[in-house]
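Visitor: For reference, the chains in residue letters:
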Amino acid sequence: MRIELDVNGTKHELTVEPRTTLLDCLRDCLDLKGAHAGCEHGVCGACTVLFDGAAVRSCLMFAVQAEGSIITTIEGVTPAPGELSPVQDAFCETHGMQCGYCTPAMILAAHALLADNPQPTREQIVEAISGNICRCTGYTQIVEAIALAAERMRGANRPQA
Amino acid sequence: MKAYPFDYVRPRSLDEACSLLAGDDGARAIAGGQTLVPMMVMRLARPARLIDISRIAVLAYVRADEFGISIGATTPQGVVERNALVGAKVPLLARAIPHIGHAATRARGTVGGSLANADPAAELPLVAVTLDAVLSYRFGAATAEVPARDFFVGPMTTSLPAGGCLVNVGFPVWKGDRIGVGFREVSARRSDFAFAAAAAQVALGADGRCKRIAIGVGAVTDFPIRLASAERALIGSELRPEDVKAAVRDELDGHEMLADLHASSQYRRRAAVALAARAVADALCEAQTSRTDAH
Ligand SMILES: Cc1cc2nc3c(=O)[nH]c(=O)nc-3n(C[C@@H](O)[C@H](O)[C@H](O)COP(=O)(O)OP(=O)(O)OC[C@H]3O[C@@H](n4cnc5c(N)ncnc54)[C@H](O)[C@@H]3O)c2cc1C
Ligand code: FES
Ligand code: FES
Numbered sequence: 269m270r271i272e273l274d275v276n277g278t279k280h281e282l283t284v285e286p287r288t289t290l291l292d293c294l295r296d297c298l299d300l301k302g303a304h305a306g307c308e309h310g311v312c313g314a315c316t317v318l319f320d321g322a323a324v325r326s327c328l329m330f331a332v333q334a335e336g337s338i339i340t341t342i343e344g345v346t347p348a349p350g351e352l353s354p355v356q357d358a359f360c361e362t363h364g365m366q367c368g369y370c371t372p373a374m375i376l377a378a379h380a381l382l383a384d385n386p387q388p389t390r391e392q393i394v395e396a397i398s399g400n401i402c403r404c405t406g407y408t409q410i411v412e413a414i415a416l417a418a419e420r421m422r423g424a425n426r427p428q429a
Numbered sequence: 002m003k004a005y006p007f008d009y010v011r012p013r014s015l016d017e018a019c020s021l022l023a024g025d026d027g028a029r030a031i032a033g034g035q036t037l038v039p040m041m042v043m044r045l046a047r048p049a050r051l052i053d054i055s056r057i058a059v060l061a062y063v064r065a066d067e068f069g070i071s072i073g074a075t076t077p078q079g080v081v082e083r084n085a086l087v088g089a090k091v092p093l094l095a096r097a098i099p100h101i102g103h104a105a106t107r108a109r110g111t112v113g114g115s116l117a118n119a120d121p122a123a124e125l126p127l128v129a130v131t132l133d134a135v136l137s138y139r140f141g142a143a144t145a146e147v148p149a150r151d152f153f154v155g156p157m158t159t160s161l162p163a164g165g166c167l168v169n170v171g172f173p174v175w176k177g178d179r180i181g182v183g184f185r186e187v188s189a190r191r192s193d194f195a196f197a198a199a200a201a202q203v204a205l206g207a208d209g210r211c212k213r214i215a216i217g218v219g220a221v222t223d224f225p226i227r228l229a230s231a232e233r234a235l236i237g238s239e240l241r242p243e244d245v246k247a248a249v250r251d252e253l254d255g256h257e258m259l260a261d262l263h264a265s266s267q268y269r270r271r272a273a274v275a276l277a278a279r280a281v282a283d284a285l286c287e288a289q290t291s292r293t294d295a296h
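Taken in order, these protein sequences are the chains called A and B.
Residue 281 in this note's numbering sits at position 13 of the first sequence, and the numbers go up by one each step.
Residue 269 in this note's numbering sits at position 268 of the second sequence, and the numbers go up by one each step.
The hints are simulated quantities; they were obtained by calculation from the structure and are not laboratory data.
Please note: incorrect hints may appear among the correct ones.
Stated by the list, open to error - Here are the computed lysine-lysine pairs in the DSSO-like style, where the Cα-Cα straight-line distance is at most 30 Å: (1) LYS246/B - LYS90/B; (2) LYS279/A - LYS301/A; (3) LYS3/B - LYS301/A; (4) LYS3/B - LYS279/A.
Said to hold, decoys possible - Derived list of chain A stretches under chain B, where covered just means 3 residues or more per stretch with a C-beta under 8 Å from a C-beta of chain B: (5) 277 to 288; (6) 314 to 322; (7) 326 to 336; (8) 387 to 399.
Just so you know, even glycine gets a beta-carbon here, dropped at the ideal spot from N, CA and C.
The following block holds chain A by itself, in its conformation from the complex (with noise of 0.2 Å):
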């Protein structure tokens, strides 16, 4: 089938099989290996993407069905080229990522989190990541980044005193 997908902010024209997945879709059309194959039915989080600006499993969706839709992968957060994201950043300074397999799942969700509530108490952070696995960190220094972007992007949007 001849499909058009929207991924960060570029159109592509694909020509992809219906039971190809999003997952299968992003990486191997599209060459972006950001959203890893983790479990491949749903349980693990690891290819999670933005969907319409919420965070979704991209491995239980066909590529047909995000026709028309806004797909944002972790290759579309920077927001310029050599640059971070603050959510990004604060994996790097509290060491949120060991393996790094779950970790652009985890930045992807916590984009949607902030994106939707700037203030997150830790519960709702871990209710947040509560559908990624990670297999390294014990998820400690995940929350704290998540908590630490949450801080700076709140700062960001302060007048300077």
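Chain A is fixed; fit chain B with the ligands onto it per the hints.
Guide: Here is chain B with the ligands on its own, set in the frame of chain A:
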């Protein structure tokens, strides 16, 4: 983890979707895909044709109508979770939804998909049975209504005819009075499918005694059940925890409990009794402090 090949159709209208579903044995509706896609990639399901109903605008809504509060079949669970009308009028639903999977699955997973899927441990079927919701479906051009208690007939099995399309679920709203709700479940990890779950809604009279009550349990039997005899035994009472436990235990004695590797039938029976008592206690506490008795 690749699905068997299939055809994909995204009808624009409900009429077209219903006729495509009713007219083709190999066709299957896909709504949020949060259950169907895993089944397909594990090749436990092999539909020849997917009819994507997730973008049919007339199937996604929350509104007040003759049923009480009606929810369109393809309304995402996450949308219902944040809906103010649901929070105010069907608080039990609002209380239960955060237990369904995770934010990312609720963003796609739909109300109708969960009901049609009829997992014994699913939260929405439990709330639908507890509150006596009415489900409406289309089969081709025909429409029909079925009460939730007659909709669920076995594990992953409903009375929806093959090729039928669920369109609406109507939740009755309890009027006036001091109303409270409770929803409790146990699962291995946060937001996993429950081993046992209980839902309760209570209305208190002016004397502080139970005027009306609905109790349901899920994940312990083939499909969620409402505990009508326990409810009858508790009307007019103070809802003391020991009375609630005894009433629930008595009624569950007449039911066989599910058992699997994670939870034995004895465990499920004990857990269902304890959770029902806690759900009723939560509902009672909320009803005692609620201010909805102003009108
Ligand atoms: C990690 C994870 C955790 C989860 N945890 C829970 C949980 O704790 N509790 C829970 O209840 N669920 C849970 N789920 C499943 C839940 O997310 C699904 O949303 C729900 O079971 C199905 O809804 P859907 O819209 O995704 O349906 P789909 O997957 O699209 O469809 C499911 C079935 O229903 C049929 N169907 C869908 N819509 C209609 C309709 N309108 N008319 C007729 N048939 C229809 C389909 O043909 C299919 O057979 C979980 C899922 C995942 C991936
Ligand atoms: S790869 Fe999608 S949830 Fe695991
Ligand atoms: S950093 Fe390795 S899985 Fe999270």
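Visitor: Evaluate each hint against the coordinates.
Guide: Status of the hints after comparison with the structure:
Note on LYS246/B and LYS90/B: the hinted pairing holds, with a Cα-Cα distance of about 28 Å set against a maximum of 30 Å. For the hint linking LYS279/A to LYS301/A, the alpha-carbon distance of about 18 Å falls within 30 Å, and the restraint holds. At roughly 18 Å between alpha-carbon atoms, LYS3/B and LYS301/A fall within 30 Å of each other, so this suggested pair holds. Distance hint between LYS3/B and LYS279/A is fulfilled; the C-alpha atoms sit about 25 Å from each other, no more than 30 Å.
Residues of the stretch 277 to 288 of chain A lying with their CB closer than 8 Å to a CB of chain B number 3, which satisfies the three-residue condition for coverage. With a threshold of 8 Å between beta carbons, the proposed coverage of the stretch 314 to 322 of chain A by chain B holds, since 3 of its residues qualify and at least three are required. For the stretch 326 to 336 of chain A, the stated coverage by chain B is satisfied: 7 residues place a CB nearer than 8 Å to a CB of that chain, which reaches the threshold of 3. Using a Cβ-Cβ cut-off of 8 Å, 4 residues of the stretch 387 to 399 of chain A lie near chain B, which meets the minimum of three, so the contact claim holds.
No hint from the list above goes unmet by this structure.
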